[in-house]
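Going down the list, the protein sequences come from chains R and C.
With the first sequence counted from 1, adding 42 to any position gets you this note's numbering.
With the second sequence counted from 1, adding 66 to any position gets you this note's numbering.
Because the hints were derived from the structure by calculation, they are not lab data.
Glycine included, every Cβ here is placed at the ideal spot set by N, Cα and C.
Keep in mind that the hints are not guaranteed to be accurate.
[Claimed, not checked] Chain R residues, not near chain C, derived (Cβ > 10 Å throughout): (1) 379; (2) 382; (3) 497.
[What the hints assert, rightly or not] Okay, derived cross-link-like pairs now, DSSO-like style, lysine-lysine, Cα gap no bigger than 27 Å in a straight line: (4) C:166 to R:357; (5) R:454 to R:358; (6) R:123 to R:153; (7) R:490 to R:454; (8) C:188 to R:359; (9) R:153 to R:143; (10) R:209 to R:237; (11) R:143 to R:201; (12) R:422 to R:395; (13) R:422 to C:166; (14) C:171 to R:358.
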Amino acid sequence: MSKRTGKTQFGTPMILAGICLIVLVAYSAMTLTSSAGMRLLSYEPLVDIGLGLTTISALIVIWRRLMRWRLSVERETCEHKSRMKALDNHSIVSILDGSGKITYVNDSFVKTFGYTENELVGADSSLIYCDGQDAQREAIRSNLLNGMSWEGELRWQTKTGDDVWTKTTIYPSMCDTGLLASATCVHTDLTEINKARRERDLRETLHLLHDEVYIINAETLRFDYLNKAAMDQFGWDEAEYATKAVSDALPEYDEQIFRERTAPLIAGHIAQAIHRTELFGRACEINMQFIPNVGGQGQFLAVCRDISVQREYQKKKDAFVSTVSHELRSPLTSITGGLDLVLSGATGDLPHKSRSLIEIAQRNARRLILIINDILDLEKISAGQMDFDIRPTDLSALIKEAAASNQAYYEKYGVSLQLFGVDAAVEAECDADRMFQVLNNLMSNAAKFSDKGSVVDITLDQLEEDTLITVQDYGMGIPKESLPTIFGRFIQVPGQDRKAKGGTGLGLNIVKAIAEHHGGSVTCESVEGEGTTFTVRIPSTTATPNDRSDGAMLEAAE
Amino acid sequence: MSDTSKISVLHVDDDADIREIATLALETVGEMHVVTAASGQGALDALTSFTPDVLLLDFMMPEMSGEELYHRLQENPDLRDIPCIFMTARVQAEEIQSLKNLGAKDIIEKPFDPMTLADQIKAILAE
């Protein structure tokens with residue numbers, strides 16, 4: 043294409059120059075001849091000769107200029123050729139016809155996009171488009187249709203699905219009729235530049251973090267990257283950390299233990315490992331993740347956060363909660379105590395209307411106390427301060443005990459309890475008091491939401507690895523849209539009936555927290571109008587996921 | 067003083083309302099004899115002329131806390147053998163444990179049930 047253009051440019055002036063030359067030669071010959079003839083007649087030979095010589099010298103000047111011009115054109119052609127070659131090497135070039143079909147691609151284009159020339163030429167240019175860029179493509183097209191060029195950054199997709207970023211200039215070429223004949227696209231590949239830019243930006247951003255960020259080669263356990271906070275921690279600069287390994291950073295480092303603890307990360311069993319420890323005189327939380335690297339060694343990403351402030355805050359918060367609960371309980375002691383005494387008749391008979399009002403006050407004051415107790419429990423569980431005394435416990439006995447203590451409550455609602463699978467002792471590792479709390483919460487819920495005269499079934503099932511306790515009622519059930527949130531805090535399923543039941547909205551959240559602390563779970567199935575089943579699962583041998591007593595345990599987190 | 071067959075209680079609490087309710091509960095429901103004091107010093111003063119069968123001590127009081135009062139009583143040979151029951155609104159397990167470690171006979175949580183308070187105290191004393 044470039045050659046053709048060169049020939050045309052050079053050819054036309056050469057032909058013109060040739061014609062000029064012939065005309066001049068003819069003219070000068072004529073002048074010389076006629077001047078020789080005139081010399082005989084007019085006796086002005088000198089004038090004629092001068093005129094001829096002038097013409098010849100002018101001819102020589104023109105010839106030399108012509109030669110010089112030719113040389114410059116040749117040089118320009120040569121430059122043009124190499125410019126085109128350079129452009130071809132540097133840029134990705136394609137030409138599209140007016141309908142957007144590819145009519146020409148250069149070698150770089152073929153190389154970049156991974157298609158063969160045959161696959162590309164004749165294909166629609168949308169072959170290499172990415173999804174979701176329709177608006178941008180439309181804007182370019184409308185530019186071209188109006189005869190305007192377009193310049194900007196574009197994202198494409200190669201045959202293998204990789205992204206390619208380009209800086210692109212598109213020139214339209216219009217027909218005489220004003221329609222778009224073709225468009226020449228010149229692209230500069232920015233993919234690598236963008237990648238490097240993104241990586242640099244990311245590293246710069248990581249330097250701004252207060253958390254220490256370490257990227258460690260999973261094979262050699264050497265540092266690939268430390269952010270500024272991490273470098274400051276050790277007083278290393280970029281050149282220095284490149285020579286360091288994990289063993290240089292951790293005071294009590296044991297490679298075997300490190301490998302053992304990170305093995306589940308590499309195997310993909312866990313997404314991240316959280317390790318809380320004292321490091322350099324401060325409380326730290328280290329979050330480790332594994333970054334698999336295609337075709338190379340993987341890396342560990344470790345983010346170390348100073349949690350001393352958090353700990354301090356937690357302590358203050360605990361003290362606050364404790365104080366508030368005390369401050370709330372003291373007046374409630376007077377309120378409930380006073381109401382209880384009045385209702386007991388210790389202060390004399392009560393008129394009927396007063397009694398029912400005082401009963402309302404008493405019921406609500408008691409509810410406040412329950413809420414305060416639940417909040418305190420939850421605070422303790424979430425702060426990891428609730429003591430769990432986990433030991434082999436007979437769940438059959440525990441269920442019977444909980445059933446007995448709920449008896450009066452069930453009678454009040456006119457609901458009866460049926461126990462299954464509790465004849466023989468079924469042992470599980472758990473905290474008896476906390477499991478009692480779980481059973482109590484589920485049993486009282488089931489009674490509350492059952493119809494008078496119906497039953498609640500409690501079933502104990504010992505499976506191979508787990509022990510299951512199900513609490514099933516045949517009451518009003520829970521609407522489907524409420525199911526996902528019922529284990530949240532202060533969640534009560536909407537509906538007037540339920541509000542009258544007067545729960546705290548925290549009971550199921552406590553059940554969940556306790557079950558999870560045992561390494562188990564609680565699930566709920568419900569069909570509106572048919573009833574609800576809660577299933578508590580406890581592993582038969584319980585590992586305590588939150589046991590931080592050794593301060594060096596890796597805790598799996600999802 | 068009054069009927070000697072009744073269990074006598076010295077109830078120390080800075081909250082007047084709670085003193086009144088506890089007194090009513092213990093005297094009316096539990097048929098006990100109750101003397102009250104609003105502070106640790108008030109309790110010490112009362113104890114110069116009266117030796118109760120049991121001390122009911124609020125744990126959190128301004129000036130002299132229940133704990134401090136308890137230590138003061140332990141220093142006095144005449145008073146150290148009076149059984150002490152703490153009343154507290156702090157019901158965290160380790161707080162209860164630390165009270166028991168002090169040597170408290172037992173702990174009654176606030177809010178208490180006025181209808182069973184006397185029975186609770188009798189049960190603790192019977193242990």
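Quick rundown of the hints versus the structure:
1. 379: Residue 379 of chain R not clear of chain C: closest Cβ-Cβ about 4 Å, inside 10 Å.
2. 382: At roughly 5 Å from the nearest Cβ of chain C, residue 382 of chain R sits no farther out than 10 Å, so the non-interface label is violated.
3. 497: The assertion about residue 497 of chain R holds, with a minimum of 31 Å to chain C.
4. C:166 to R:357: holds (23 Å)
5. R:454 to R:358: The given pair, whose Cα atoms are some 42 Å apart, is violated under the 27 Å limit.
6. R:123 to R:153: Holds - the C-alpha atoms of residue 153 of chain R and residue 123 of chain R are around 22 Å apart, at most 27 Å.
7. R:490 to R:454: holds (10 Å)
8. C:188 to R:359: violated (37 Å)
9. R:153 to R:143: Judged against 27 Å, a Cα distance of about 19 Å means the pair holds.
10. R:209 to R:237: holds (14 Å)
11. R:143 to R:201: holds (17 Å)
12. R:422 to R:395: Roughly 41 Å separates the two Cα atoms, so the pair is violated.
13. R:422 to C:166: holds (21 Å)
14. C:171 to R:358: Distance of about 31 Å is beyond 27 Å: violated.
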